[in-house]
Amino acid sequence: MHTLTEFPRQLLRLSIMLLFTLALASVALAEEESGARGEGWTPQGEMATSVGPVTADTWRQVRDGQDFIDTRADSTYNLINQSGEYWRQFRDRWISPGGLIAIGGVLAIIVVFYLIVGKKTLDSPRTGRTMLRWTAVERAMHWTLASLFIILALTGLNLLYGKFVFRPLFGDGFWAPMISGTKLLHNYLGPLFGIMLILVLAKWLSINIPKKHDLTWFKQGGGIIGNAHPDAGFANAGEKGWYWLLATVGLLVVASGLVLDFPNFNQGRDTMQWANMVHAIGSLGLVAVALGHIYIGTLGTEGAFEAMKTGYVDETWAKQHHNLWYEEVKQQADTAPEDVPGDKGVEDGTAKAHRPN
Amino acid sequence: MATMKFMCDAERCIECNGCVTACKNANEVPWGIQRRRVVTIDDGEPTEVSISVACMHCDDAPCIAVCPTETLYQRDDGIVLHDKDLCIGCGYCLYACPFGAPQFPKLNAFGERGKMDKCTFCAGGPAETKEEEYEKYGANRIAEGKLPLCAEMCSTKALLAGDAQEVADIFRQRVVQRGHEDGAWSGNQRRERSRRQGASVDNLAYDATRQG
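Quick mapping for you: the protein sequence lines, in order, are chains A and B. The UniProt record's numbering applies: residue 1 is where the first sequence begins, and numbers increase by one. The UniProt record's numbering applies: residue 1 is where the second sequence begins, and numbers increase by one.
Since the hints were made in silico from the structure, they are not lab data. Ideal Cβ placement from N, Cα and C applies to all residues, glycine included. Treat the hints with care, since some could be wrong.
Pairs of lysine to aspartate or glutamate, EDC-like flavour, derived with a Cα cap of 20 angstroms [said to hold, decoys possible]:
#, chain 1, residue 1, chain 2, residue 2
1, B, 115, A, 172
2, A, 163, B, 70
3, A, 163, B, 85
4, B, 84, A, 172
5, A, 120, A, 306
6, B, 136, A, 172
7, B, 24, A, 74
8, A, 163, B, 60
9, B, 115, B, 85
10, B, 115, A, 74
11, B, 136, B, 85
12, B, 24, A, 70
Taking beta-carbon pairs under 8 angstroms as the criterion, some of the chain B residues facing chain A (in silico) [stated by the list, open to error]:
#, residue
13, 17
14, 34
15, 86
16, 107
17, 113
Chain B with its partners taken away, still in its complex shape (with noise of 0.2 angstroms):
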């Protein structure tokens, strides 16, 4: 069984804020939900970093531990998905997201938040019918054998959507043939190899641009 994982690229993500848009239209969000969103670190500086961020369905969720009424459950392919029926708002799961990604449709008094919303890998949710599995959740299109819109959509294939395997192998590709080495996570010191190597920097701005 594949898990299905997101992955974004950061060194790739210009911020063009396409699988935001993506996403609302496949999922037809009401207004103020915005499920995909992009954080952007030192924006404006040489050193400005933009990540592309929903739901990372994780492995051992917190918004499962932490849901009273068991809205939030696992699919076998480790999407995490939430049946509106049972939430009540309570907004635990947003404490508990180490991504923000629930969002509630209100915000009043007496914690009266509404329904809560998140991405859904493109998953859908429990429904009886399709119309209303659209109108709760948005596109199912996994069951459809496509993959979700956001990354499929991605100008730069920054962002990747998949088994998590091959997006491993997808990214594992790219980090080396950008020269790197001792993988991405782990605080490469690329300035500092750069700077001894002189020319070679000149070779890594090719393959950021250009391959993989």
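Bound conformation, chain A alone (with noise of 0.2 angstroms):
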């Protein structure tokens, strides 16, 4: 009987707890809805203060660059600079290794054919009757030109491949003085180069207008490889083609260059790494063939070296070389006798008569 009389009690109790349990998490949930949020809570107050969402739109607009501000002072910069990857990864993955390749492939050509050919001697004895070439002018001009070029290229080269070599080899102490001449050097040299280019280009533009015969030149490689001896006038077609790689390439390098060296008419960011890529892919290709330049007007050719030295060459050398000029000459030597091949003493004035081309 005791568990009859218990029942009902124990019923009781469980159902007063039940309740109890109930009424608790009632108040539970009650606090939930509305005790964290404080008193005067709205959903409309809350949107008042929040920061708007961030959808796939804000961040398709951020990589578009649209409508924004930025408040750096005079600042025109985007959040995100897209071209900047771009252009790291075009200098370094291909200007950087493409242009060791192009000068030192060149390097290596001329080398092996060095080796192999050797020298361009002079097919027959000196007379010792000179011609003039080049008047001092010209050849001051020459020469300028070539040291600012010689000067940029070695600079140019060791801001692209310098710090692979110079810093690991010497330390800081040696490598911050010597880039930051290096960048001086770069960037005052530059300007006085492109002038010095125009005033070259001007003044050698009647010898380098491409003829007929300039074809047949190319056609047989300027008689480089074997014996032949093309036609060529005062300019044969080889130094044609570097003149009219310098009136092209050269000013175009020039002209980036100068967007480069003056960041002071706030070209943009993007502009200036067109520049850099012209800039860099222009000039290691002048740089490589300025090299076979080089290598012709001094171990490669007997005799070419001294024109530009002294302004004479010799008439073998001419009749050789260039073969035509050398004809017009001559022929206007025997049309005016007072004006002879080798005359020491003409001037610089005179020296347009010696070249027809």
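Got two chains here, separate frames each, mind docking them using the hints?
Listed below in structure tokens is the structure:
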């Protein structure tokens, strides 16, 4: 009977507990509903103070660089500079190794060529009679341009490759002044090179007009291999090619260099990335070709260097390398006996008479 | 080893520029140089979003890759620093940087830009003495066991700085609490969802201002 009398009491206790739990739970729920949000909470109030959601469109806008303001003074920079990474990849993955391949390749070709073919000597002995080829003014212009070119080439190469060589080799104490001097030379001599280049191009325009025989010269490869001597005027087709390369790529390098050298005109990052790529590709190409020019003008051809050193060439040399020019000068000499080739007294002004093309 | 990172929670940034001011004060950067900036997209529109941005101390930093002098380098903890004694002011780091972080005190003819300056994550830079370090690079709070002042002073804690893992954890927690389905950077469909679910937008607004 004990259990029978106990049962209703147990039921009562259970129902009270159940009620109590439910009441507690509802209080807790009510707390959660309003308590944490505080008095006077409304969704509208929260909406007014919350920051707008960031959607895919927002990030798309960041990529496109539309409709933004920047709190930095005078800044026109978008949040993300997308082209920077393209520029970096192109410069580091293509231009840097490409330049090494081009310059190293040309050097290798020259060495191999020199070892196999060797110096192009004069076919017949020197006559001792000389002809004026380059006036003092022209030589001064050439060597000014050449010196500037070499300085700019070496400093430019140092800017691109120097950190891989000189910093590990000599340490910061040497590297810091070296690279800052490099930049100073490059930036200040660059515009000077541009002026010199324009002067030289203007001075030598008339002797570099392409002629029909230049095509034949190119077809025979300038007679470099074998002993052919294709027709050539005062300037052969190779020299004309170098001239026109400088007149196109050279001026492009100068123009892009000026864009980089004068950031005070507020050109943007994108413009300077382009200028840098044009400048690097163009100048590395010019350096590679210049190596060939230097080789032919010094080690490669007997009698070539003395032309730019003294201004005079031997008749034999002129006949062999610039036969058309030789013929014309000789004809003129025949008709005007006072203007003898090899006359050391000839003045710069009359040098023009020596170079009908 | 920790990897130090900044992260700006665009849904919290209120464009107060407190980070910019804190940075200038902590590092005493010269006039005209502002290591941190706040970019606002769609200013004044309902879709307006602001982000505080400085050097993000990239893992594969483009500035380091293109620098011709190796002025820029990365510490083991991921902080990208610069050695002002090596800088020649060529500007390449600025061409390459995705965030416009490198700045120059001048912009004169012949590429005379002066020495580059950028955010150091309040970790100073290479120098002989503490005074020299402060003079050249500003504060070295990291050495004192403190985080960058910009993040420390952010009023809405939009700007987070510290170990990448911790920053990510904090942000992940926020994202979860905001009720996103697929994380903050994946182009979530919040507007779409709130249109469908109606009242849930109220909860989102609440979360954004009061929690996390």
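To see whether the hints hold, each was checked on the structure:
Using a Cα cut-off of 20 angstroms, the hinted pair residue 115/B and residue 172/A holds, with the two alpha carbons roughly 16 angstroms apart. Between the alpha carbons of residue 163/A and residue 70/B the distance comes to roughly 7 angstroms, so the proposed pair stays at or under 20 angstroms and holds. With a C-alpha separation of about 15 angstroms, the suggested pair residue 163/A and residue 85/B falls inside the 20 angstroms cut-off, and the hint holds. For a cut-off of 20 angstroms, the pair hint linking residue 84/B to residue 172/A stands: about 12 angstroms separates their Cα positions.
Between residue 120/A and residue 306/A the alpha-carbon distance is near 14 angstroms, which keeps this suggested pair within the 20 angstroms criterion. Distance check on the hinted pair: residue 136/B and residue 172/A sit about 18 angstroms apart at the alpha-carbon level, within 20 angstroms; holds. Taking the CA atoms of residue 24/B and residue 74/A, the gap is about 17 angstroms. The hint holds against a cut of 20 angstroms. The hinted pair formed by residue 163/A and residue 60/B meets the criterion: a straight-line CA distance of about 18 angstroms does not exceed 20 angstroms.
Annotation: proposed proximity of residue 115/B to residue 85/B holds, straight-line Cα distance about 8 angstroms (limit 20 angstroms). A hinted pair counts as satisfied when its Cα atoms are at most 20 angstroms apart, and residue 115/B with residue 74/A qualifies at roughly 19 angstroms. Of the supplied pair hints, the one linking residue 136/B and residue 85/B holds, its CA atoms being roughly 10 angstroms apart against a limit of 20 angstroms. Pair hint residue 24/B plus residue 70/A holds up; C-alpha atoms about 16 angstroms apart against a cutoff of 20 angstroms.
Interface restraint check for residue 17/B: the shortest CB-CB distance to chain A comes to about 6 angstroms, inside 8 angstroms, so the restraint holds. Hint status for residue 34/B relative to chain A: holds, with the closest Cβ pair at about 5 angstroms, below 8 angstroms. Taking 8 angstroms as the C-beta cut-off, the interface hint given for residue 86/B holds, the closest approach to chain A being about 5 angstroms. About 5 angstroms separates the beta-carbon of residue 107/B from the nearest beta-carbon of chain A, less than 8 angstroms, and the hint is met.
For the restraint placing residue 113/B at the interface with chain A, the shortest Cβ-Cβ distance is roughly 7 angstroms, inside the 8 angstroms limit, so the hint holds.
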